[in-house]
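**Student:** If you read the protein sequences in the order shown, they are chains A and B. Note that this note's numbering has the first sequence beginning at 1, numbered continuously upward. Note that this note's numbering has the second sequence beginning at 1, numbered continuously upward.
Hints were generated in silico from the structure; no laboratory data involved. The structure displayed is predicted, hence computed values, not measured ones. One or more of the hints may lead you astray.
[As the list claims (entries may be wrong)] One side of the interface only, derived from the structure: several residues of chain B facing chain A at Cβ under 7 angstroms:
{"hint": "1", "residue": "Arg7"}
{"hint": "2", "residue": "Val21"}
{"hint": "3", "residue": "Pro27"}
{"hint": "4", "residue": "Val32"}
{"hint": "5", "residue": "Leu36"}
{"hint": "6", "residue": "Asn64"}
{"hint": "7", "residue": "Pro65"}
{"hint": "8", "residue": "Asp72"}
{"hint": "9", "residue": "Arg79"}
{"hint": "10", "residue": "Gly88"}
{"hint": "11", "residue": "His101"}
{"hint": "12", "residue": "Leu105"}
{"hint": "13", "residue": "Phe107"}
{"hint": "14", "residue": "Arg109"}
{"hint": "15", "residue": "Trp139"}
Every residue gets a Cβ at the ideal spot worked out from N, C-alpha and C, and that includes glycine.
Number of protein chains: 2
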Amino acid sequence: MTEQEARARFAAARVARLATVDGEGRPHLVPVTFALEDASVFFAVDAKPKRSRDLKRLRNIAANPRVCLLVDEYDEDWRRLWWVRVDGDARVLDDEAERAHAADLLFARYPQYSHMYAGDGPGRLADAPAVVGIRVTRWSGWRFADHRSALS
Amino acid sequence: MTEQEARARFAAARVARLATVDGEGRPHLVPVTFALEDASVFFAVDAKPKRSRDLKRLRNIAANPRVCLLVDEYDEDWRRLWWVRVDGDARVLDDEAERAHAADLLFARYPQYSHMYAGDGPGRLADAPAVVGIRVTRWSGWRFADHRSALS
């Protein structure tokens, strides 16, 4: 799969899985909704209990910025299988303008955020406990058609 | 979500995402088909080019046995979201009887393997480049109903 195709499939997906690693080398996984712009992927840690900023995924990113994202599609017809992986470096966005821009991108993709933040206006997501930006360092992709040896 | 419910949702899923970590602390993700038995999850690295045993996921497990698996379901109605995470320790199965047993479990769940290994008999998966066993150390799960504060 070309990098261009990997990027297009990733951009069209509604959910990705985020892998982070803690200070002791243990991996951690959560699903994330996201927005892609140029070479950056953004996700928010949305409204949750007060200690959200202390979430494992954020502690891990502080300890080790290297993250991985995966989008994949399962089908019982394995000839339709494909996945796209993104390697990158993550950081919590502290700059107000950056946070607001990322929040706008997320709002544009997910009308659900509007419901969650109803009554506070659409800028409210920028006040979420954390908005994270991932600088993409590598695109990888696979689809069954790349894997001819499986049936030979 | 209780551990029992997390386990039941995981057991019913057809695909999970596997996170491994390399010797330098960088995470890696691939989707895997799997079988669960007691406190073990099994997956195979199936027929691929000769160097499959040298796959990144296997090099990572050799360097760091700590892995994480995630099963999740996305829905545009976020009230239906849920995920289940498994933390565990992985090892490539070298014992013939263990490999054959894990292969039987995988064959029983995925008739697709029979097609891939057609002509060689159902024991053939045990000769796949690698069969990996993960000893589960922790079950975690989340569903929207656990997350009431999101809309409050």
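**Student:** Each hint should be assessed against the structure and marked as holding or not.
**Tutor:** Status of the hints after comparison with the structure:
1. Arg7: Hint violated; Arg7 of chain B Cβ to chain A Cβ min 17 angstroms, cut 7 angstroms.
2. Val21: This hint holds: Val21 of chain B lies near chain A, its Cβ roughly 5 angstroms from the closest one there, short of 7 angstroms.
3. Pro27: holds, 4 angstroms
4. Val32: Val32 of chain B check fails; min Cβ-Cβ to chain A is 10 angstroms, beyond 7 angstroms.
5. Leu36: Violated, because the Cβ-Cβ distance from Leu36 of chain B to chain A comes to roughly 16 angstroms (cut-off 7 angstroms).
6. Asn64: holds, 5 angstroms
7. Pro65: The hint is violated - Pro65 of chain B has no Cβ within 7 angstroms of chain A, the shortest such distance being about 10 angstroms.
8. Asp72: holds, 4 angstroms
9. Arg79: Violated. Min distance 10 angstroms.
10. Gly88: With a closest approach of 10 angstroms, the Gly88 of chain B hint is violated.
11. His101: His101 of chain B check fails; min Cβ-Cβ to chain A is 23 angstroms, beyond 7 angstroms.
12. Leu105: Nearest chain A Cβ about 18 angstroms off; hint violated.
13. Phe107: Since the shortest Cβ distance to chain A is 14 angstroms, the answer is violated.
14. Arg109: Since the shortest Cβ distance to chain A is 11 angstroms, the answer is violated.
15. Trp139: With a closest approach of 13 angstroms, the Trp139 of chain B hint is violated.
Comparing the model with each numbered hint stated earlier shows that hints 1, 4, 5, 7, 9, 10, 11, 12, 13, 14, 15 do not hold.
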